[in-house]
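Model the full assembly from the supplied sequences, consistent with the hints where possible.
So the sequence lines, in the order shown, correspond to chains A and B.
Residues in the first sequence are numbered from 1 upward in steps of one, following our numbering.
Residues in the second sequence are numbered from 1 upward in steps of one, following our numbering.
Hints listed in this document are in silico derivations from the structure and should not be mistaken for laboratory results.
Careful: at least some of the hints might be erroneous.
Put simply, identical chains are the same to the list, so a pair is met inside one copy or across any two.
SDA-like mimics (lysine to any residue), calculated; alpha carbons at most 20 Å apart, straight line [what the hints assert, rightly or not]: (1) Lys71 / Ala52; (2) Lys98 / Gly162; (3) Lys71 / Ser28; (4) Lys6 / Ala36; (5) Lys34 / Ala68; (6) Lys71 / Asp31; (7) Lys34 / Asp70; (8) Lys98 / Asp26; (9) Lys71 / His46.
Here the structure is a predicted model, which means the values were calculated and not measured.
Protein chains: 2
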Amino acid sequence: MRADAKRNRDRIVEVAREVFRERGYDASLDDIAKRAGVGPGTLYRHFPSRDALLDAVMQAWVDRVTDATDKALVYEGSPREFLVSWFETYVALISLHKGGPAKITSAMGVEDSPIATKTRVLLTQTQRVVDHLRAQGALRDDIDALQLCRLAGGVAVVADQGGLDADATRPLLTVLADGLLR
Amino acid sequence: MRADAKRNRDRIVEVAREVFRERGYDASLDDIAKRAGVGPGTLYRHFPSRDALLDAVMQAWVDRVTDATDKALVYEGSPREFLVSWFETYVALISLHKGGPAKITSAMGVEDSPIATKTRVLLTQTQRVVDHLRAQGALRDDIDALQLCRLAGGVAVVADQGGLDADATRPLLTVLADGLLR
DNA sequence: AACCATACGGAGACTGTCTCCGTTTAGCAA
DNA sequence: TTGCTAAACGGAGACAGTCTCCGTATGGTT
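As C-alpha cells, then:
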C-alpha cells in the first residue's frame, strides 16, 4: 500500500471512530470523509460499505474483549454472580456505540458477515465463559455459546434502543442467568 | 373528515400493510403513496411520520393481541409450558413484519411514542399473563410485565434480525421462562 | 528524469424524505 | 341548481445520503 493511501486510511478510521461514537452508527459517510479531509471516493475505495468501515473501527475493540474475559474468568464467587457480572461486561462491550448491539448480535453466527472477524472473537471469548461454567457443572446443557450471545445481545439491543441504564438492565440479565444455570 | 379524505386514508393504510409486510418497515413511503394512487403530499398529510402510518396499520392487529391472550389464558398445563407458549405467541405477534420487534420493543414503556397506543395494549395483555402466573405463585416477584415484554422483545429482535426460525428461537424462550419462574 | 500503477477527489446520478403551494373538489347554504 | 369556501389533493422540487465514474495527481521504481 502506498504511503499516502495508508495515511488516508488511518485518518478515516480515526475520524469514523469519533463520529460513530458521537452520532451513532447511522452517521453520514460522506460527512466522515469530509471531516477526514478526503473525497467520498477515497472513503468508499478503502471501505466499500458501512460495515467494512465499522469492522476497521472495531479492530482495537477486539483486544478489549479478550482482556475483559481474562479478567472475568479469575473471578471468585458463585456461578450466578459470575455469569451476571460477565453479562454486564458483555453488554457494555457491545454497546460502545449506538446501534452496536443490534449490528453485532444480528451478525452473530453469520459467517459471511462483513464484521464476522469481530463476532468470531466475541463468540470465542463467550465459549471460554461457557467452558468455565460447564467445568463446574453449573450450566444447563441445551445451550451453547452462540445462544448465550443471542440472549445477552437481545437484552443489549433493548437496552440500547430503549435507553435503559445499567440499573434497569441488571434485573433482565439476572433472569437470563437464572434461566441458564442449574 | 371529508369522504375523499377518508377514502384515501383507508387506501393508504391498506397498501402500507401489504408493502410493510413485503418489504419490511423500511419501505419507501413515496412508493406506498404511488401504489395507493395518491401524491406523497397526501400521504404525509395523513401520516406525518413513518411511525404514524405504522400505528394506523397496526390497528387491526390490536384485536389479535387480545384474542391471543384470551386463548392463552385458558390453557391448562404447567406454568412453564404456559409461559413458553405465551412467549411464542408474543414473539409471533410482534414479528408480523420485519423490523417490528425492534420498533415495538424499543417503544415499550415510552408514553409519548407514536405507537404508544399499541404498546399499551401489548403491555395490558402481558399484565394479564403476569397476574395469572402470580395467582399461582409461579412468577418471581422482582419482575413486572414491562420487563417481561423487554425480555421477550429482545429475543424477538434477535430472531427477526438474525433470521432465526421458531425452532431456533424456542430454546431461548425456555431459558427466559426458567429464569422467570420459581 | 521519466514512467505508470496506484490513489485521489469531486461532480453527479440515484434514491428516499418531506414541504410548499397552486389546483381541485366535497359539502353546504341560498 | 348554483355558487362558495374550507378541506383536500398531488406533484414539483429542495434537501440529504449513498455510491460511482473518471480525469487528475503523485509515490515509488527503473
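So, going through the hints one by one against the coordinates:
Taking CA atoms no more than 20 Å apart as the test, Lys71 paired with Ala52 passes in neither setting, with 29 Å inside one copy and 47 Å between copies. For a Cα distance limit of 20 Å, the shortest separation of Lys98 from Gly162 qualifies both inside one copy, at 11 Å, and across copies, at 18 Å. Taking the shortest Cα distances, Lys71 and Ser28 never come within 20 Å of each other, neither inside one copy (36 Å) nor across copies (47 Å). Taking identical chains as interchangeable, the C-alpha atoms of Lys6 and Ala36 lie at most 20 Å apart only when both belong to the same chain, with a minimum of 13 Å there against 50 Å between chains.
In this homomeric assembly, Lys34 and Ala68 never come within 20 Å of each other (Cα to Cα): the closest approach is 35 Å inside a single copy and 52 Å across copies. In this homomeric assembly, Lys71 and Asp31 never come within 20 Å of each other (Cα to Cα): the closest approach is 38 Å inside a single copy and 52 Å across copies. Taking the closest pair of Cα atoms, Lys34 and Asp70 never come within 20 Å of each other, the shortest separation being 39 Å inside a single copy and 56 Å across copies. Proximity of Lys98 to Asp26 under the C-alpha cut-off of 20 Å is found in both arrangements, the shortest distances being 9 Å within a copy and 19 Å between copies.
In this assembly of identical chains, Lys71 and His46 lie within 20 Å of each other by CA distance neither inside one copy nor across copies; the values are 35 Å within and 55 Å between.
Going down the numbered hints, you'll see the structure goes against 1, 3, 5, 6, 7, 9, while the others check out.
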